[in-house]
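Quick mapping for you: the protein sequence lines, in order, are chains Z and Y.
Each residue of the first sequence is one higher than the one before, starting from 35 at the first, in the numbering used here.
Each residue of the second sequence is one higher than the one before, starting from 27 at the first, in the numbering used here.
Mixed in with the good hints, there may be bad ones.
Unchecked claim - Computed from the model, here is a short list of chain Z residues facing chain Y with C-beta under 10 Å: (1) F47; (2) L104; (3) E108; (4) E132; (5) V141; (6) N143.
Unchecked claim - Estimated spans, in silico, between C-beta atoms of each pair: (7) Y/K97 / Z/R192: 51 to 57 Å; (8) Y/T153 / Z/R192: 53 to 59 Å; (9) Z/G80 / Y/P93: 48 to 54 Å; (10) Y/M112 / Z/V210: 47 to 53 Å; (11) Z/D254 / Y/G102: 45 to 51 Å; (12) Z/Y110 / Y/V157: 47 to 53 Å; (13) Z/Y110 / Y/K155: 26 to 32 Å; (14) Y/T153 / Z/K45: 42 to 48 Å; (15) Z/Y110 / Y/P80: 53 to 59 Å.
These are computed hints drawn from the structure, not numbers from a lab.
A virtual CB, placed ideally from N, CA and C, is assigned to each residue, including glycine.
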Amino acid sequence: MSDPRIAIIEKRFQKVRRVIAVSSGKGGVGKSMIATALALSLKDRGHSVGLLDLDFTSPATHVILGVEGLYPEEEYGIVPPMAHGLRYMSITHYSVDEPTPLRGEDVSNAIIELLAITRWGELDCLVVDMPPGIGDATLDTIRLIPSIEFIVATTPSRVAFQSVRRLLVLLKDLRVPIIGVCENMVMNPGGYVREEVERLGLEYLASVAYDEEVEEALGDPEALRKTRFYKELDEVSRRL
Amino acid sequence: MHEWALVEGVIATAARFAEENGITEVTEVVVVVGELQQVEHEVLEFAFENLKTPLFKNARFVLESQPARFKCRNCGNEWGFTSEGMTEDVSEAIHFVPEMAHVYIKCSECGSPDFEVAEGRGVWLATIKGVKGDE
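For reference, chain Z alone in the conformation it holds in the complex (with noise of 0.2 Å):
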């Protein structure tokens, strides 16, 4: 007749005020690297934020973040573990580092299965990175959280782009609330992206200078921090 599991989704974002999915038409764009750097930059702010990964596929904020081994503690639900002062929860709790080969009846599954039993508590907001592309994942997260608002990423390559393009229009088409849209890896200025999203009628957040410490500071939030990207995405937040 109908599955319980849709019914309690809505409650468990009861208490939690923004949910801000991070995401992006392509791949490789740096997405889950943005998701980690303003969910830490929200907490130092002093927010109480939770971090989700919903990239299946893969799953990167455990790599950037350098947690392993964390189990979510189980008390009427799950509750997420905490990883550097973030109520974090991954794929990767469950599959550690073994490959999640997901149709999209499969994905669609998950995605209800771990919004249903997830207990979030009370956050200031919940940073969302989601998987790339307009497929069933992007589709179904719009469809069952409440409230959701967007920050979409795109390179400076037209061809990544034309990706994050068909994303926008289709939030669009959706009247899902976008914040705006994040430049990262951009090694000279042109202007581009900015004119092609202000053209769009919405906001372009930040140009992200391409920063080559940040493979240097992956699995370590502290020198995370030191770095450029960082920094300007810290800026982003500023403005959240």
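Let chain Z serve as the given structure and place chain Y on it in line with the hints.
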């Protein structure tokens, strides 16, 4: 799925159905749960007794289990679920997120992880019986 989360969902869904259909007292709720969910019947009943609202005061909670069947997309082999030989961590991972079966279970013939859960994954509210307000 976690038993308490499942019961919370069942109660919320059944309460919504009752409200939409003018049911003032629920007498029976039937839930079908796939074997892959590995839920414990006693825990479900205990959770139901603890979470039920006055609407469900005299309701019977009936759990029907559906055996899990897998079908390999590579070689067509069909086989059933067994938790025999699984570590506790793996069994728990599949219990909380049944799609973890695709991480830890392989086709018993060809070893492929690309298989379909043909039966026994889901969880759904099958029937609700109750008394309408004007009856």
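Is 47 to 53 Å respected by the C-beta to C-beta distance linking Y/M112 and Z/V210? For Y/M112 and Z/V210 the Cβ distance comes to about 40 Å; the hint is violated.
How does the Cβ-Cβ distance of Z/G80 and Y/P93 compare with 48 to 54 Å: does it lie in that range? holds, 51 Å
How does the Cβ-Cβ distance of Z/Y110 and Y/K155 compare with 26 to 32 Å: does it lie in that range? holds, 27 Å
Would the hint on Z/E108 be counted as holding, given a Cβ-Cβ threshold of 10 Å to chain Y? For Z/E108, the interface hint holds, since the closest Cβ of chain Y sits about 7 Å away, which is under 10 Å.
Taking 45 to 51 Å as the hint, is the beta-carbon distance of Z/D254 and Y/G102 inside that range? Once the Cβ atoms are compared, 48 Å apart, the range 45 to 51 Å for Y/G102 and Z/D254 holds.
Regarding the hint that Z/F47 lies at the interface with chain Y, is the smallest CB-CB distance below 10 Å? For Z/F47, the interface hint is violated, since the closest Cβ of chain Y sits about 14 Å away, which is over 10 Å.
Against chain Y, with CB atoms and a cut of 10 Å, does the hint on Z/N143 hold up? Holds: closest Cβ of chain Y sits about 6 Å from Z/N143, inside 10 Å.
Double-check Z/E132 for me: the hint is only fine if its C-beta lies closer than 10 Å to a C-beta in chain Y. holds, 5 Å
Closest C-beta approach of Z/V141 to chain Y relative to 10 Å, hint status: holds, 8 Å
Return holds or violated for the Cβ distance of Z/Y110 and Y/P80 against the range 53 to 59 Å. violated, 20 Å
Starting from the hint 51 to 57 Å, judge whether the C-beta atoms of Y/K97 and Z/R192 obey it. With Cβ atoms ~43 Å apart, the hint is violated.
Does the Cβ-Cβ separation between Z/Y110 and Y/V157 fall within 47 to 53 Å? violated, 30 Å
Of the numbered hints stated above, those contradicted by the structure are hints 1, 2, 7, 10, 12, 14 and 15, listed in ascending order.
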